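Keeping their order, the protein sequence lines are chains D and W. Residue numbers 528 to 638, in this note's numbering, belong to the letters of the first sequence in order. Residue numbers 5 to 121, in this note's numbering, belong to the letters of the second sequence in order.
Hints may contain errors.
Said to hold, decoys possible - Straight-line Cα separation of at most 16 Å, EDC-like style, residue types lysine to aspartate or glutamate; simulated pairs:
1) W/LYS82 to W/ASP67
2) W/LYS82 to W/ASP61
3) D/LYS625 to W/GLU15
4) D/LYS595 to D/GLU583
5) W/LYS82 to W/GLU15
6) D/LYS528 to W/GLU48
7) W/LYS28 to W/GLU48
8) D/LYS625 to W/GLU48
9) D/LYS625 to W/ASP67
10) D/LYS625 to W/ASP60
11) D/LYS625 to D/GLU530
12) W/LYS72 to W/ASP34
Unchecked claim - Derived DEER-like restraints, expressed as beta-carbon distance ranges:
13) D/GLU530 to W/GLN21: 31 to 37 Å
14) W/VAL57 to D/GLY543: 47 to 53 Å
15) W/PRO74 to D/ARG588: 39 to 45 Å
16) W/SER62 to D/VAL540: 36 to 42 Å
17) W/MET44 to D/THR572: 41 to 47 Å
18) D/ASN549 to W/GLN21: 40 to 46 Å
19) D/LEU635 to W/GLU48: 33 to 39 Å
20) W/SER77 to D/SER637: 40 to 46 Å
21) W/PRO65 to D/GLY622: 40 to 46 Å
Stated by the list, open to error - Chain W residues, not near chain D, derived (Cβ > 10 Å throughout):
22) THR17
23) GLY20
24) GLN21
25) LYS28
Rather than coming from a laboratory, the hints here were simulated on the basis of the structure. These figures come from a predicted structure and were not determined experimentally. Think of the CB as a built atom: it goes at the ideal place given N, C-alpha and C, for glycine as much as any other residue.
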Amino acid sequence: KQEVTQIPAALSVPEGENLVLNCSFTDSAIYNLQWFRQDPGKGLTSLLLIQSSQREQTSGRLNASLDKSSGRSTLYIAASQPGDSATYLCAVMTGFQKLVFGTGTRLLVSP
Amino acid sequence: DAGVIQSPRHEVTEMGQEVTLRCKPISGHDYLFWYRQTMMRGLELLIYFNNNVPIDDSGMPEDRFSAKMPNASFSTLKIQPSEPRDSAVYFCASSIGTSGGATDTQYFGPGTRLTVL
Numbered sequence: 528k529q530e531v532t533q534i535p536a537a538l539s540v541p542e543g544e545n546l547v548l549n550c551s552f553t554d555s556a557i558y559n560l561q562w563f564r565q566d567p568g569k570g571l572t573s574l575l576l577i578q579s580s581q582r583e584q585t586s587g588r589l590n591a592s593l594d595k596s597s598g599r600s601t602l603y604i605a606a607s608q609p610g611d612s613a614t615y616l617c618a619v620m621t622g623f624q625k626l627v628f629g630t631g632t633r634l635l636v637s638p
Numbered sequence: 005d006a007g008v009i010q011s012p013r014h015e016v017t018e019m020g021q022e023v024t025l026r027c028k029p030i031s032g033h034d035y036l037f038w039y040r041q042t043m044m045r046g047l048e049l050l051i052y053f054n055n056n057v058p059i060d061d062s063g064m065p066e067d068r069f070s071a072k073m074p075n076a077s078f079s080t081l082k083i084q085p086s087e088p089r090d091s092a093v094y095f096c097a098s099s100i101g102t103s104g105g106a107t108d109t110q111y112f113g114p115g116t117r118l119t120v121l
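From just these sequences and the hints, can you work out the full model?
This is the structure we're talking about:
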């Protein structure tokens, strides 16, 4: 059974810092890995999707990497801003259209 | 497009009552998903549909839970009878459904927060 773990569970940083969120998964047989953002009281918003054959994806200040063989992914956020405060979830697609989510990292960026 | 629409946003009910959650997916999306999010178990897939047909309901916790998709623009998740342990946030999501699924992004609704007293 696929298990997805995210470390740390919570992170607090001052504005402007670069930071890294970690995600690990137990079964490397995945279609893709996705990073989502969840704001309080709202649904999830997709940030980045890395296909199993890819190593990384970038969008603005966000960069996600994937090392399928070791079962790891990182989400790098450059020059963090208070608006980045949210919970970040990673998910792996294990079967066709089936996502298994991690437990999330709650990020707080202070002005 | 208005995105995925869910109703109600909040539902408070008493144990034993029937609860119906509703979802309108994004127009043109072929896949619809129901998830449940709790502090203890995180976000879990309950069931998903392709072209209105249930494909995988292995995540549905008990027979008290049922889901339908009578047409491409509407789905319901029903709990009958409800129990306090069903209290959670229920999300609906949809995706366009490309070949293989490797590039598909799921678009989530705002969720329904269910409290069963």
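Review point. Can the restraint linking D/LYS595 and D/GLU583 be considered satisfied, given a maximum Cα separation of 16 Å?
Key: Holds, at roughly 11 Å.
Practice item. Quickly compare the C-alpha distance for D/LYS625 and W/GLU15 to 16 Å and report which way the hint goes. Key: violated, 27 Å
Check your understanding: Should the label of W/GLN21 as a non-interface residue stand, given a Cβ cut-off of 10 Å to chain D?
Key -> Holds, since 24 Å exceeds 10 Å.
Check your understanding: Lying within 31 to 37 Å: is that true of the beta-carbon distance D/GLU530 to W/GLN21?
Key -> At 35 Å between Cβs, range holds.
Check your understanding: Does the Cβ distance between W/PRO74 and D/ARG588 fall inside 39 to 45 Å?
Key -> Given range 39 to 45 Å: holds, Cβ gap about 43 Å.
Review point. Has the hinted range 47 to 53 Å been met by the Cβ atoms of W/VAL57 and D/GLY543?
Key: Holds, at about 50 Å.
Check your understanding: At the C-beta level, are W/SER62 and D/VAL540 separated by a distance inside 36 to 42 Å?
Key -> Holds, at about 39 Å.
Exercise for review: For W/SER77 and D/SER637, compare the CB-CB distance with the range 40 to 46 Å and indicate the outcome.
Suggested key: Roughly 43 Å apart at Cβ, these two residues keep to the hinted range, so it holds.
**Study point:** D/LYS625 paired with D/GLU530 [C-alpha distance capped at 16 Å]
**Key:** holds, 13 Å
Point to revise | W/MET44 versus D/THR572 beta-carbon gap, inside 41 to 47 Å or not | key: violated, 24 Å
**Study point:** Agreement of D/LYS528 and W/GLU48 with the hint, judged by alpha carbon distance not exceeding 16 Å
**Key:** Since the Cα atoms of D/LYS528 and W/GLU48 sit roughly 13 Å apart, the hinted pair holds (cutoff 16 Å).
**Study point:** Hint consistency between D/LYS625 and W/ASP60 [alpha-carbon to alpha-carbon, up to 16 Å]
**Key:** Between D/LYS625 and W/ASP60 the Cα gap is close to 9 Å, so the pair holds against 16 Å.
Comparing the model with each earlier hint shows violations of hints 3, 7, 9, 17, 19, 21; every other hint is respected.
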